[in-house]
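Peer 1: Listed below, chain by chain, are the residues.
Protein chains: 2
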Amino acid sequence: MSLELELPSLQQQFEEVIAGNDPLAIAEFLNEQNISDVADLVYNNTDFEAPIIANMSIHRASAVFKILDLSVQKQIVKELPPNKTAELLNDLPPDDRTDFLEELPNAAIRDLIKLLNPEELKITLAMLGYPEDSVGRLMTPDYVYVYANNTVTEVFDTIRKHGKNSETIDVIYVIDAQGDLLDDIKIRDVILASPDKFVHELMDDRVVALNVNDDQEHANDVFKMNNRMALPVTDDNNKLLGIVTIDDMLWVANEEFSEDMQKMGGTEALNEPYLDTPLLRLFRKRVGWLVVLFLGELLTASVMGYFEGELRKAIVLTLFIPLIISSGGNSGSQASTLIIQAMAVGDITIRDWWRVLRREISSGVMLGLVLGIIGFIRVLVWHSIAPQVYGEHYLRIAYSVGFSLIGVVLWGTLSGSMLPLLLKRLGADPAVSSAPFVATLVDVTGLLIYFSMAYLFLQGILL
Amino acid sequence: MSLELELPSLQQQFEEVIAGNDPLAIAEFLNEQNISDVADLVYNNTDFEAPIIANMSIHRASAVFKILDLSVQKQIVKELPPNKTAELLNDLPPDDRTDFLEELPNAAIRDLIKLLNPEELKITLAMLGYPEDSVGRLMTPDYVYVYANNTVTEVFDTIRKHGKNSETIDVIYVIDAQGDLLDDIKIRDVILASPDKFVHELMDDRVVALNVNDDQEHANDVFKMNNRMALPVTDDNNKLLGIVTIDDMLWVANEEFSEDMQKMGGTEALNEPYLDTPLLRLFRKRVGWLVVLFLGELLTASVMGYFEGELRKAIVLTLFIPLIISSGGNSGSQASTLIIQAMAVGDITIRDWWRVLRREISSGVMLGLVLGIIGFIRVLVWHSIAPQVYGEHYLRIAYSVGFSLIGVVLWGTLSGSMLPLLLKRLGADPAVSSAPFVATLVDVTGLLIYFSMAYLFLQGILL
Numbered sequence: 001m002s003l004e005l006e007l008p009s010l011q012q013q014f015e016e017v018i019a020g021n022d023p024l025a026i027a028e029f030l031n032e033q034n035i036s037d038v039a040d041l042v043y044n045n046t047d048f049e050a051p052i053i054a055n056m057s058i059h060r061a062s063a064v065f066k067i068l069d070l071s072v073q074k075q076i077v078k079e080l081p082p083n084k085t086a087e088l089l090n091d092l093p094p095d096d097r098t099d100f101l102e103e104l105p106n107a108a109i110r111d112l113i114k115l116l117n118p119e120e121l122k123i124t125l126a127m128l129g130y131p132e133d134s135v136g137r138l139m140t141p142d143y144v145y146v147y148a149n150n151t152v153t154e155v156f157d158t159i160r161k162h163g164k165n166s167e168t169i170d171v172i173y174v175i176d177a178q179g180d181l182l183d184d185i186k187i188r189d190v191i192l193a194s195p196d197k198f199v200h201e202l203m204d205d206r207v208v209a210l211n212v213n214d215d216q217e218h219a220n221d222v223f224k225m226n227n228r229m230a231l232p233v234t235d236d237n238n239k240l241l242g243i244v245t246i247d248d249m250l251w252v253a254n255e256e257f258s259e260d261m262q263k264m265g266g267t268e269a270l271n272e273p274y275l276d277t278p279l280l281r282l283f284r285k286r287v288g289w290l291v292v293l294f295l296g297e298l299l300t301a302s303v304m305g306y307f308e309g310e311l312r313k314a315i316v317l318t319l320f321i322p323l324i325i326s327s328g329g330n331s332g333s334q335a336s337t338l339i340i341q342a343m344a345v346g347d348i349t350i351r352d353w354w355r356v357l358r359r360e361i362s363s364g365v366m367l368g369l370v371l372g373i374i375g376f377i378r379v380l381v382w383h384s385i386a387p388q389v390y391g392e393h394y395l396r397i398a399y400s401v402g403f404s405l406i407g408v409v410l411w412g413t414l415s416g417s418m419l420p421l422l423l424k425r426l427g428a429d430p431a432v433s434s435a436p437f438v439a440t441l442v443d444v445t446g447l448l449i450y451f452s453m454a455y456l457f458l459q460g461i462l463l
Numbered sequence: 001m002s003l004e005l006e007l008p009s010l011q012q013q014f015e016e017v018i019a020g021n022d023p024l025a026i027a028e029f030l031n032e033q034n035i036s037d038v039a040d041l042v043y044n045n046t047d048f049e050a051p052i053i054a055n056m057s058i059h060r061a062s063a064v065f066k067i068l069d070l071s072v073q074k075q076i077v078k079e080l081p082p083n084k085t086a087e088l089l090n091d092l093p094p095d096d097r098t099d100f101l102e103e104l105p106n107a108a109i110r111d112l113i114k115l116l117n118p119e120e121l122k123i124t125l126a127m128l129g130y131p132e133d134s135v136g137r138l139m140t141p142d143y144v145y146v147y148a149n150n151t152v153t154e155v156f157d158t159i160r161k162h163g164k165n166s167e168t169i170d171v172i173y174v175i176d177a178q179g180d181l182l183d184d185i186k187i188r189d190v191i192l193a194s195p196d197k198f199v200h201e202l203m204d205d206r207v208v209a210l211n212v213n214d215d216q217e218h219a220n221d222v223f224k225m226n227n228r229m230a231l232p233v234t235d236d237n238n239k240l241l242g243i244v245t246i247d248d249m250l251w252v253a254n255e256e257f258s259e260d261m262q263k264m265g266g267t268e269a270l271n272e273p274y275l276d277t278p279l280l281r282l283f284r285k286r287v288g289w290l291v292v293l294f295l296g297e298l299l300t301a302s303v304m305g306y307f308e309g310e311l312r313k314a315i316v317l318t319l320f321i322p323l324i325i326s327s328g329g330n331s332g333s334q335a336s337t338l339i340i341q342a343m344a345v346g347d348i349t350i351r352d353w354w355r356v357l358r359r360e361i362s363s364g365v366m367l368g369l370v371l372g373i374i375g376f377i378r379v380l381v382w383h384s385i386a387p388q389v390y391g392e393h394y395l396r397i398a399y400s401v402g403f404s405l406i407g408v409v410l411w412g413t414l415s416g417s418m419l420p421l422l423l424k425r426l427g428a429d430p431a432v433s434s435a436p437f438v439a440t441l442v443d444v445t446g447l448l449i450y451f452s453m454a455y456l457f458l459q460g461i462l463l
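As you go down the protein sequences, you meet chains D and Y in turn. Under my numbering, the first sequence has 341 at position 341, and the numbering climbs by one with no breaks. Under my numbering, the second sequence has 183 at position 183, and the numbering climbs by one with no breaks.
It is possible that some hints are incorrect.
[Said to hold, decoys possible] According to the in silico footprint, chain D covers these stretches of chain Y (three or more CB under 8 Å from chain D):
# : region
1 : 167–180
2 : 215–223
3 : 252–259
4 : 262–272
5 : 311–318
6 : 349–363
No wet-lab data here; the hints were simulated from the structure. None of the values given here were measured: they were computed from a predicted structure. From the three backbone atoms N, C-alpha and C, an ideal C-beta is built for every residue, glycine too.
Input sequences plus hints: build the corresponding full structure.
Peer 2: Below is the structure:
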């Protein structure tokens with residue numbers, strides 16, 4: 001069953017229960033629903049955001065809270081009584097709590113962490129100390145660990161004692177007396193083993209671990225390449241600090257792609273939902289690149305000024321300027337997007353630059369030929385309809401336009417494909433070689449290509 | 001520990017072992033390494049691709065095979081002896097096997113499925129019958145199911161009997177005698193329960209299931225909103241068909257974002273890695289949109305032709321044409337990317353169009369003002385340096401340029417932000433309102449805005 005089908009009636013049920021005004025009935029109703037359905041109710045009933053959370057059992061309340069959007073989370077924390085907020089914060093998984101806190105202004109963090117009990121406070125402060133986008137911010141200390149000389153029976157005892165709050169027990173971690181990570185064992189193998197077997201007999205010494213300072217993007221790759229639901233996190237001395245579960249990776253992947261896309265559209269990464277971004281901040285994130293591009297684009301006015309004499313002699317040349325520079329921009333946008341995307345998913349590395357260049361030369365020539373031929377035909381057709389526009393030299397004009405298009409498209413394709421690789425080589429983020437950036441670069445050079453072709457075909461005739 | 005640190009020495013070890021030419025030593029060496037390390041060895045030793053796979057225990061061979069790139073997988077299958085290929089295909093998890101097969105040409109599929117044993121063949125044919133991008137293609141029939149009247153002891157027996165091949169045993173599925181899905185229970189709760197408890201006592205009747213025909217994108221959302229490592233898949237009659245595990249979602253998210261990005265760059269989705277796409281196919285995926293954009297852009301030549309008389313009278317106007325149309329294009333690219341991205345991650349729906357419009361009007365005016373003022377100043381500064389270029393009417397020209405920029409940027413921002421919402425409303429994919437598409441649209445209208453402003457400020461003077 002798809003979830004959507006059940007929503008309308010759920011909302012009606014909710015309204016009925018709320019109308020009844022019986023706290024117990026409300027709590028009972030909410031505790032019966034799926035976490036995601038309750039989250040939908042929160043979104044659809046903005047007047048009851050905080051009451052919905054407050055009326056659920058605390059463990060379920062925190063499960064709902066952690067999947068809500070930041071703006072709604074903030075609203076709820078503002079409306080909840082402090083003791084409820086304390087309960088909620090203390091029950092949130094440490095990674096989600098850190099996630100939530102790091103989005104708040106410093107003053108609000110100070111107020112909120114006062115509500116944490118000493119143990120949770122210690123964990124949260126530790127996690128807030130790791131760099132943003134590091135694995136440390138994602139990890140949770142809620143996992144099950146055992147020792148190599150434990151028996152299977154003892155492992156089960158440990159799970160019964162400590163497994164209630166752990167994020168997963170699909171994998172159990174084996175440490176030594178110093179807290180060093182030795183291995184991970186699957187719960188499956190524990191269940192399949194006879195009760196008197198020792199943990200070290202189940203170990204295969206093939207543990208894959210993340211460093212607490214690793215980039216989250218790296219963690220994402222490790223998860224994709226290793227078939228694990230969770231990975232242990234260690235410090236530089238191989239001490240086990242926590243685990244990261246694969247569900248966090250879905251959010252990491254989402255965030256990374258959002259940032260890449262925004263940069264490629266010529267904006268700084270927003271890092272928050274569009275509608276939640278205050279208008280002035282949205283403006284600031286956009287205006288920077290737009291001004292840089294504009295300053296670059298100002299060069300087109302200089303180039304045009306330089307050729308003003310030619311334009312005056314052959315005004316017909318101006319008619320094709322937007323067409324030609326845009327074609328270069330479009331083919332450049334295509335190429336840069338393809339390459340940035342292929343680099344983002346790891347299909348291409350800098351070492352492939354030569355293969356990319358060869359492919360893009362062929363692609364650029366083919367694409368340029370197609371547009372060049374269409375452009376050439378366009379001039380001939382127009383001339384046969386309205387001969388006065390291009391005059392007696394229409395054929396030379398057609399050649400100028402056609403060959404310029406081939407040159408501009410080839411140039412757009414090459415610069416669009418090489419620029420991301422070059423930026424990467426220089427240690428910059430390839431995603432900033434966005435479509436608008438490449439288009440601007442190609443506009444200026446496109447004009448030069450066009451005027452050169454015009455000289456070639458029209459010198460001594462119109463020019 | 002990060003993975004990369006170990007790689008160099010691993011490659012050396014591998015070369016030593018290979019040089020020894022002892023099949024047993026090679027097998028032993030390979031079986032000791034991590035799956036992802038072996039995958040790296042395959043990539044780094046293209047001469048030994050097939051031998052590496054052939055020399056590993058079959059279960060580990062298939063674990064490596066499934067994370068390799070398609071082109072390498074094809075190569076390996078070509079080089080492996082048929083009996084090894086058969087073993088490998090039969091051991092691959094059904095979802096990965098379907099994934100691999102669906103990328104091959106039909107003839108190759110026919111050859112390969114002959115190698116499957118009857119049971120695996122049935123599963124594979126069933127999965128190949130579900131629509132591409134449906135949940136059915138991702139599911140695996142390797143899961144553990146129990147009945148409501150089983151005791152905890154019986155559940156453990158079932159796990160011992162059937163759990164070896166299941167993709168996860170974090171969650172166990174409860175069905176009735178007809179095979180209908182009743183609930184899922186966590187292995188954690190089973191372990192924590194006393195051995196004589198019944199399964200129905202552990203059930204909470206809060207199962208979240210996917211329909212086999214659901215879109216994979218939908219599945220991704222459900223995983224993000226529900227804290228599960230795996231979700232059951234049912235048909236329309238609630239029969240349990242298989243499960244989908246969250247690790248598959250990482251790949252789905254990757255693919256979706258790749259498609260979105262490529263479309264936004266003005267290319268059809270490649271659906272395969274850039275370097276593996278044959279040149280002609282790459283050309284075909286790119287040329288379509290480029291020609292459409294070019295035909296749209298041809299309108300700029302018509303518009304320019306229409307105003308040829310004005311251009312002849314005031315050649316100075318032509319100098320700013322590339323600047324003005326590009327500024328509109330850039331602001332349009334920004335806006336469309338922001339909105340497409342926000343829609344892709346669910347921050348914005350069609351219903352928010354009015355809020356988006358209001359925000360973008362303000363943003364557009366502010367951004368336009370900034371560029372307009374810079375453009376205005378540029379003309380004044382240039383005039384003070386070289387008074388002959390713009391002549392005595394430089395101030396009117398500066399006003400024309402400045403106000404055109406405000407108008408064009410506002411128009412670019414509005415069309416860039418509204419177009420994705422409009423396309424979505426019409427049932428089309430918002431990602432096709434790509435940066436190049438918006439830029440082309442804005443080019444044509446940008447010229448009209450510019451010439452209108454020029455009339456306003458220069459009519460009777462230059463025009």
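Peer 1: So, for every hint listed, does it hold in this structure?
Peer 2: Here is how each hint holds up against the structure:
1. 167–180: holds (count 3)
2. 215–223: Coverage by chain D holds for the region 215–223 of chain Y (4 residues, Cβ < 8 Å).
3. 252–259: Coverage by chain D holds for the region 252–259 of chain Y (4 residues, Cβ < 8 Å).
4. 262–272: Held - the region 262–272 of chain Y has 6 residues with a Cβ nearer than 8 Å to chain D, which meets the minimum of three.
5. 311–318: Result for this restraint: holds, n = 5.
6. 349–363: holds (count 6)
In this structure, none of the earlier numbered hints is contradicted; all agree with it.
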